[in-house]
Structure formats: C-alpha cells, structure tokens
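Undergrad: The primary structure of each chain is shown beneath.
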Amino acid sequence: MRIIHLFADLCNLYGDYGNVCALKRALENKGQSVEVEYQSIDDTIDISGADFVFIGSATERNQKVALEYLQDYKDNIKAAIDNGTVILATGNSFEMFGQSIIDCDGVRYDGLALFSYETTEGKERIVTDSLCGTSLCGGDIIGFVNKASLTTGVTSPLFDVKQGSGNGKDDNKEGVHYGSFYGTHLIGPVLIRNPQLCGYFAEMLIK
Amino acid sequence: MRMFLAILACKVSKCLLKLIGRGSSLPGDIALKICPDVLSRVKLPEQVIAVTGSNGKTSTVEMIAQVMRKSGKRVIWNKEGSNQIAGVTAIILSECTFGGKVKGDVLLLESDERYAKYSFKFFAPTHYIITNLYRDQLTRNGHPEWVYESVKDSIRPESQLILNADDPLVSRYGKDRDNVVWFGMDKQDFSTDHATGVYNDGAFCPECKHRMNYDYYHYAHIGSYHCDNCGHKKHDTQYTVTNVDYDSGIVTINDKYKIKLLFKSVYNVYNILACFAVCSIVGIDGDMIADELSHYFLKNGRILQYKLGVNKGTFLIAKHENSVASDRVYDYIIRKNQPCSVIIIIDSVSRRYSTGEISWLWDIDYGVLKADCIQHLYLLGRHAKDLETRLSYTDVDMNKVTINEDIPAALDEIAAKPLGKLYTVTCFSDKEKFLSKVELTPAEEDV
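Sequence lines, in order, name chains E and W.
Numbering-wise, the first sequence is residues 4 to 210 according to our numbering.
Numbering-wise, the second sequence is residues 12 to 458 according to our numbering.
These are computed hints drawn from the structure, not numbers from a lab.
Glycine included, each C-beta is placed from N, C-alpha and C at the ideal position.
Careful: at least some of the hints might be erroneous.
What the hints assert, rightly or not - Okay, the calculated beta carbon distance ranges per label pair:
#1 W/323 with E/36: 42 to 52 Å
#2 E/207 with W/406: 27 to 37 Å
#3 E/140 with W/415: 44 to 54 Å
#4 W/383 with E/109: 53 to 63 Å
#5 E/41 with W/261: 38 to 48 Å
#6 E/41 with W/393: 29 to 39 Å
Sequences and hints are given; from them, build the entire structure.
TA: Following this line, the structure appears as structure tokens:
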C-alpha cells in the first residue's frame, strides 16, 4: 500500500497527520505493508499509482500557497482520482479542489476546478464540536470544525450534520464526496476519533 | 460628568462585590455602559506597560511588577488576570481619583492577545511587549496567523514595541518601524540545528511563505532564522541571553548580568529576559533587576511543590490546547533525569468552554515520555483514553502506562504506593481536582 501525505509541513494545523497514523495502523493490522511518502513544496507532486492521498488543514495563507503550487499538477491529480486513487482532505484543504476561493478581502483565487463548489472566506471563525450522520459506515461521526469559510454549490456532500456546522450558512450538509475524493471541514485526527470511518477506508483500499 | 459617574459606579460596584466576596469585571462593564470612552478620558500614569503573546504573559507581568515595586515605583496591575477590556477598565478606574487621574507611576497590563485591540483603541501603551505566538487554545484562537492579525490591530504607532526577535511571526511587527527594542537568546548547548517536536510552524517564512532557514532552534519555531527570498531574519538584539547554564542554574544577560534561575526552563528564561528588558528601558539598574529576579518565587501557582501520601512531587501547569507549553514541561522533567512517575490529568479541556476537541493531543510530542527516567505514567480524567490512544502511536512502552478516568480514586491509589518523585502536569481547568487531594509544601530552589 502506498500512502502519500501531501504538504505535511504546510497543511497540518490541527494534528491532522494523525489520520495517516490511524490508517497506516488499520491497514497493517489487516496484514498490509504500508509505505508513507511525503510530497510538499519544492518536490514534484506525483500521486499517480498511490492508493491513498491525505491533505490536512492549513492557515488561510498556507492554503493559498499549497493551492498555487498544486496548479501545475492539476492533471496528475485529476488522472489519479479518475484511476481510483482515494483522496481524503480535512479542514479547509478540500476547498482547493473546487472552482474558487474568495478571501476575506475579496481577492479571488482559482481553485483546481476538479469539482463545482466555491468557497468564500470571512473575518469571523466558525468553531464548533460536530456530530454527523453518514451512510459510509455504522455510527455517527464526531469531530470539530475550526474554519473561516463557507462552501456553496456542493452537489454531493459527505455527511449529514446533526449538530455543528455545515458547508454553507444554515446548511445541514457537510463536506464533499465525488467518486474517490472525500473532503470534510472536520479538522484534525478524524480517523482516530472515528475508528469505524478509518475501517471504511482500510477495507475499501484492500478491496 | 459621565467620566465621574463611570468612576463612581465602578468604585461603588467594586466595593459591593467585595462585600459579598466576589471580584469580577462587572464594575468595568457598568463603567463602560455609562461612559464608553472613559479609558481615553482618564489621565494615565506616565508609563503604561502592556504584555501580550501566547505564553508567558502572567509570569512576565508578575516579575515586572515585583521589580518595579522594589525599585520604589507604585504599580497598578491586573494581577487577577482580568485581561479583557472590562477587566482593564475596572482596574484603571478603581485606582483613579474622581477627577480622573490614575494614582500610580506605572500601569502594567497583561493583555489578552485577541482583545488588546479593543482596550488600545482608547489609550496607547508606552511600552508594548509581545512574547511569542504559538498554537494556543485554537478552539478560541483559530491559529497563530489569525491571532497575529488581531494583535497587529492593537499596535499603535506611538508605542515602543519590545519584541522577541527569536520568533519569526512576532518579529514581523517590527518591520518598517523605528521604535522597537529587540530581545533574544544566543545559541546555547541545548539549541538544535533541526526542529524538534511533531510539527514545525517555522518551516515557512511568515513574511513571504518561502522555505525558512534556521541557523539553530531553541525550541518550537523559536531560534535564529533567515529567509533567502525576502530577507526576513532574526534581528540583532539589545537585550540578549548570552548564556544559560542549567547545571549552576545561572542565566547571563548581555554578558554581564547574572540571574539565578529559580525554575530551570527555557520559557522562564524568556520571561526573565522580557522583564529585564522593559525594567532596564524605564531606567531601573541592571544589577538591581538581576538581584531581585534571582530571589523572587512566582506566586501565580504555576509551579508548586506537594506531598501526595508517601510521595513528594512537583506540580506543573501546562495549558491544555497548548502543545508548546506541554513540550517544554516534559522537556523540563526529562532534563532532570531522575527516576520519577508522571501524572497527566486531562479532564476538562477548558474552563471557559465545554468541548470534546482533542486534536491538540496530536501536536504534543509525547514520544519523549519514553525516557528511561520516567518509570510510570498515570493518565487521568475524562480524556485518559484519548491520551492513551495518542501515546500508543509513540515509542512509549505502554506497559508503564496506567489509565483511570476517576481522578480521586486514582490519586488515592498513588498516595498509598511508594513511587518516589512525582510530577503532575495539568491545566488550570483541572488544577483543583488535583490540588484538593494533596498537601502543598514550601517553594524550593530548583536544583
């Protein structure tokens, strides 16, 4: 199994790397040998052939740095997703894969435009414990949101919000799920806190 | 007239609250209702010193107050930690004549890094110390760059900034500004050429976001750095820790002033340095500052000695949700290198809000607890299992780990067992749950 952790030194604001630790252990417990590779600024980004790619939360500025850097590798990422590489993006990192991000001063940044949604940042943060329902695995998902953005235009969300905050304002849908791409505004070690979700990814990767 | 009424209301309500045994920032709230700009109307002392930053505010302010009082100045300070605008207003007005003159030589304020901008709209500190910006209470603070913007809005052009040159984020405040005094630490034996810890917030230049180069790190992202792209680098310092000798427990400032460390931790060294800098700037003799700091035990309850049953221990505060504070505390314990057991209590994440957010456990470098000198680890409180899971992803031998969510029961067990030296690490929010079960013993010299 080949896991790639993208921007581990740039987008890792809330202990998000714990997700890679959790998945690696879950796979190893199922008898897989797992290799974790790191790609970041100054490296060539090439996720083709990877089984799983992870990106974590970032400050608003670091997210823009990662986004600009990824623009050169858009085709590589798109091809990998089409070929079934699973991507999990936590916190604000999934916003990069949409059409655009408008920052709190109104400056527009082109997204990687792989999906249709758009994000607008504000001057206030949305901070809350979250409880979400999902059909991916048994039981509810617990987590925490710490963001300064609203995402709209999501046609295929990841979770149903039971308590906490959704993608947009007064929105009871959270995250995005397009094929093998999974994004959630839940920050930090989501797969540690929700072993059943970790198990879902592990089983999917083994199949 | 409104100023007079605001001062009167503040003093009266403060007295009433005192009678019923309560202190709070309510008198400040009342005064602000009556006269919203009362802080810009009163006549403040000639020196207004403010301290902000993620860590070290309370201790630094306490040291400054001590040194300044000893030098004969009358100091007014918010020692109860009411560091938001209502608290600041209450302190100032209760020390005011009815004509609006604040009775003191120095107004000394610990300022909340997010709320300072509201107080300093009405008056400007003459000296403004900014200690550091770390990942701290991210559930309320967002992240360090978010707090950076907040603190930036609190900086007035007329204030003299006293900045930690070793923090690349803090030192941005000194850019294109003349009235800045810099403090920092030279390379020491314990400095490293690589980042330690599980994350590195110094990896990218906060100015231009290119990769940052470090000559050395003292800890976290604190050290000597330079960006080859934009030139942002550690500034030359006027107040410098030139040597730290943990064996003899002596810190040397500017190659001249020797201060005995009553607590041998690098963050204590920075607090001492910041205090030394501002006290020197206002004209207090360096030898006098050094002498006072060499004998003054902090009274803010962040380091305490205790007895728990047959065992003697040291209680150390490390704020929950603050990985740098925790990392420094564990570094302190391990550097002692004496056989010990460590009790870690994580029950209520915060005393201000209720949350189950535990992401910050993953920012703490718990792997260091594998050190041989740590014989047992007791993980106590509601989040004991979360912490156990976190430790299971390190090289710590899980055979030496005991978990118990029931704090009193666990402490009774520990009290009955001869374990030798104990350390307890927890936060204010859980402090009493521990201290109510132990006997405090007098402060000791740190040997």
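Undergrad: Indicate, hint by hint, whether the structure satisfies it.
TA: Hint by hint, here is what the structure shows:
1. W/323 with E/36: 42 to 52 Å: For residue 36 of chain E against residue 323 of chain W, whose Cβ atoms are near 48 Å apart, the range 42 to 52 Å holds.
2. E/207 with W/406: 27 to 37 Å: Between residue 207 of chain E and residue 406 of chain W, where Cβ atoms are some 30 Å apart, the hint holds.
3. E/140 with W/415: 44 to 54 Å: With a Cβ separation near 30 Å, residue 140 of chain E and residue 415 of chain W fall outside 44 to 54 Å, so the hint is violated.
4. W/383 with E/109: 53 to 63 Å: holds, 57 Å
5. E/41 with W/261: 38 to 48 Å: holds, 42 Å
6. E/41 with W/393: 29 to 39 Å: For residue 41 of chain E and residue 393 of chain W the Cβ distance comes to about 34 Å; the hint holds.
Figure legend: structure checked against the earlier numbered hints; the only hint not met is number 3.
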